[in-house]
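Undergrad: Residues per chain are reported as follows:
2 protein chains.
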Amino acid sequence: MNEKFNFSAVQAPLPYEVTQELVKSISQGSPDAPSPLEFDYTTEKFGALIRHAEETLRTLLHIPVNYRVLFMAGGEDAQFSAVPLNLLSDHKCADYVVTGVFSKEAYLEGKKYGDMNIAASSAGASPAFSSVPEMSRSDFRPDADYVHICYNNPVYGTSYRTVPETGSIPLVADMSSCFLSAPVNVSDFGLIYAAAGQNYGISGVTTVIVRDDLVGNAADITPSVLNYETMSDKQSVFRAPDTFALTVADAVFTHILNEGGLEEMKRRNESKVSLIYDYLDSQVYYTATVDKKYRSSTHVVFVTGNSAMDERFLQAAEEAGLYGLRGHSAVGGIRASLYNSMPYEGAEALIEFMKKFAMQNPKLDF
Amino acid sequence: MNEKFNFSAVQAPLPYEVTQELVKSISQGSPDAPSPLEFDYTTEKFGALIRHAEETLRTLLHIPVNYRVLFMAGGEDAQFSAVPLNLLSDHKCADYVVTGVFSKEAYLEGKKYGDMNIAASSAGASPAFSSVPEMSRSDFRPDADYVHICYNNPVYGTSYRTVPETGSIPLVADMSSCFLSAPVNVSDFGLIYAAAGQNYGISGVTTVIVRDDLVGNAADITPSVLNYETMSDKQSVFRAPDTFALTVADAVFTHILNEGGLEEMKRRNESKVSLIYDYLDSQVYYTATVDKKYRSSTHVVFVTGNSAMDERFLQAAEEAGLYGLRGHSAVGGIRASLYNSMPYEGAEALIEFMKKFAMQNPKLDF
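For the protein sequence lines, the chains are X and W, in the order given.
Residue numbering for the first sequence follows my numbering, starting at 258 and increasing by one per position.
Residue numbering for the second sequence follows my numbering, starting at 258 and increasing by one per position.
Bound-form chain X, shown alone (with noise of 0.2 angstroms):
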């Protein structure tokens, strides 16, 4: 085994011509044509580039015309503050589906703008939360401003196979590790948002994409950054925007749409995933901790069993090649995340290793 692979969760590595593309405009800038570090986002060059990473954008998951698309600052955290502050109706009111670390967090940070109710969590689940909680219309209060979920959890590698049903209630999903991996139906949701620096981009820049009717609402306490109309208004140039996180992201969006667009990714990650997880089905040494119904298709968690076995394993993987494979700390054992980025023969080179490992270090050695 030569070539070496990077199944880290947290930052996916970028597509290796975007990088190519991304060094070569770097070197290249000068006093008169400013390199992609030295944007200056209150030209009309960059402008165009919004425009045409938002274009982008739009044709890759066909996002209907009365949702708008904003870039935003901050991360992940940002949004579990934004999407109160601007959701939010005069009784404050929400529900929060709670099936991880991030939505967690979401639920916690909401609960400073409002009422805040957890209508169903998969904290029970044995072990905890490697499912996602069946739901039906009447889980959720008929007078929440909105219903949010974590449509894929990274940590635990479970992910909704469906959308779940809220009726007139605007469902607001937390993407940001399953983003651009597969097409989505827009028009299921009120407002999704992801955090670049898995399937696009670096870390630095949020994608939210959010429905007409929810812009315009936001409390008077929320500060300017974070609220969805004045940067709608802006078209996300506030002061100073991550010029270069947007290029970045620009660059990802456009190389996705020359690589086939969704469907293609989703091929492409199906094939990647059902690989490792008919290998894990198919014998005893590895057990893969996710009910089969809710298995996330970008993260594959499995345990040997025996944490000490665990450790030899990511210690023997590193030897071989095969990085980032350590599992969150929250569940230890072992993670292989998928991202677009991975190629056919990363997922081949993981199981080639798995059986290797397995013939040599017989549990009952251990």
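Worth flagging that the hints you see were computed from the coordinates, not collected in a lab.
Some hints could be false.
It does not matter which identical chain is meant; a pair holds if it fits inside one copy or across any two.
To be verified - Taking lysine-lysine and the DSS-like style, the derived pairs with C-alpha atoms no more than 25 angstroms apart in a straight line are:
id, residue 1, residue 2
1, K491, K361
2, K302, K261
3, K368, K491
4, K349, K369
5, K261, K281
6, K612, K491
7, K349, K368
8, K361, K349
9, K491, K549
10, K620, K281
11, K261, K369
Following the hints, put chain W in place on chain X, whose structure we already have.
TA: Coordinates of chain W only, in the frame set by chain X:
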């Protein structure tokens, strides 16, 4: 004149050596040693980078131990909200000094959160904002929670030359456009903030230097990403921080230290700005618009007295390799921004061009 120079006020060129270093490390990224574009913010390596950036900044500015250093997202606009959200006490009142575009917007944003007062303004100067108000302690309300100023005004080319006396009222200064251009006595301020993009780094990160006693009193409604105490507890790492902008900031802090620190930056900047002002004060073709007592050490604004001639100047300057000299739309005319990365030769080239232009374009012809 063969060399080209960029005098843009918005985003200064990065030091050449820093750009070269970044290109090298981006090019060398690999699955086992991800490049700065693929930085996992949960790693110890990133924690070490943040600590290094902080330590270097502490050395540069001799930051006292009772001040914290935070790296936050969202540019100046985010701080326009964060300052009142964190610093207002129960009676919620603060004073603002308005000396231009940014200080006015800080005041307007602040009004969302309390009883804000314009303690002084240079709007009535002729031309407007061509000076900075002279103030004494009695100009501020004794019960103000803070006084907010914008230390250097890039739009008008003015700057405070001495720190205003506010007694026991904490002085808050937006230093975005002059940060690290010269030494600062941090103890004169309760809080200093500076968005990156001019004298350090690329846009996306904002440095906040705040005295201990001003941390921990945030209003309950403060979003976590704008809460100084939360950011301090998290050592500036929320989900997800702007890893690349922080990498660049750290590289520029280090570069400044290696070049001789802030005394050396001050010496270089004064020599550039003096060269231009000495010329401006010695002739009658061009007029400097700013009162001598309040001239910025970074931004030099001047006019020919005829807006069509200003246009001709800007066009001819670009043809001669001098870019980004257009004055801000609120002022018009010509503006040379002389950030740390502008070499002395840039100021010399500008003077040479100004002399030639004045000779070739007698005003009587126009």
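Undergrad: Now tell me if each hint is right for this structure.
TA: Here is how each hint holds up against the structure:
1. Taking the closest pair of Cα atoms, K491 and K361 come within 25 angstroms of each other only across two copies (18 angstroms); inside a single copy the shortest separation is 31 angstroms, beyond that limit.
2. Taking the closest pair of Cα atoms, K302 and K261 come within 25 angstroms of each other only across two copies (20 angstroms); inside a single copy the shortest separation is 38 angstroms, beyond that limit.
3. Taking identical chains as interchangeable, the C-alpha atoms of K368 and K491 lie at most 25 angstroms apart only when they sit on different chains, with a minimum of 20 angstroms there against 29 angstroms within one chain.
4. In this assembly of identical chains, K349 and K369 lie within 25 angstroms of each other by CA distance both inside one copy and across copies; the values are 11 angstroms within and 19 angstroms between.
5. In this assembly of identical chains, K261 and K281 lie within 25 angstroms of each other by CA distance both inside one copy and across copies; the values are 24 angstroms within and 20 angstroms between.
6. When the C-alpha separation of K612 and K491 is checked against a cutoff of 25 angstroms, the pair qualifies neither within a copy, at 54 angstroms, nor between copies, at 40 angstroms.
7. Both within a single protomer and between protomers do K349 and K368 lie at most 25 angstroms apart by alpha-carbon distance, with minima of 10 angstroms and 23 angstroms respectively.
8. Within a single copy, K361 and K349 get their C-alpha atoms as close as 19 angstroms, which meets the 25 angstroms cut-off; across copies the closest is 32 angstroms, which misses it.
9. In this assembly of identical chains, the alpha carbons of K491 and K549 never lie at most 25 angstroms apart, being 45 angstroms within a copy and 36 angstroms across copies at closest.
10. Taking the shortest Cα distances, K620 and K281 never come within 25 angstroms of each other, neither inside one copy (50 angstroms) nor across copies (45 angstroms).
11. Taking the closest pair of Cα atoms, K261 and K369 never come within 25 angstroms of each other, the shortest separation being 45 angstroms inside a single copy and 52 angstroms across copies.
The structure shown violates the earlier hints numbered 6, 9, 10 and 11.
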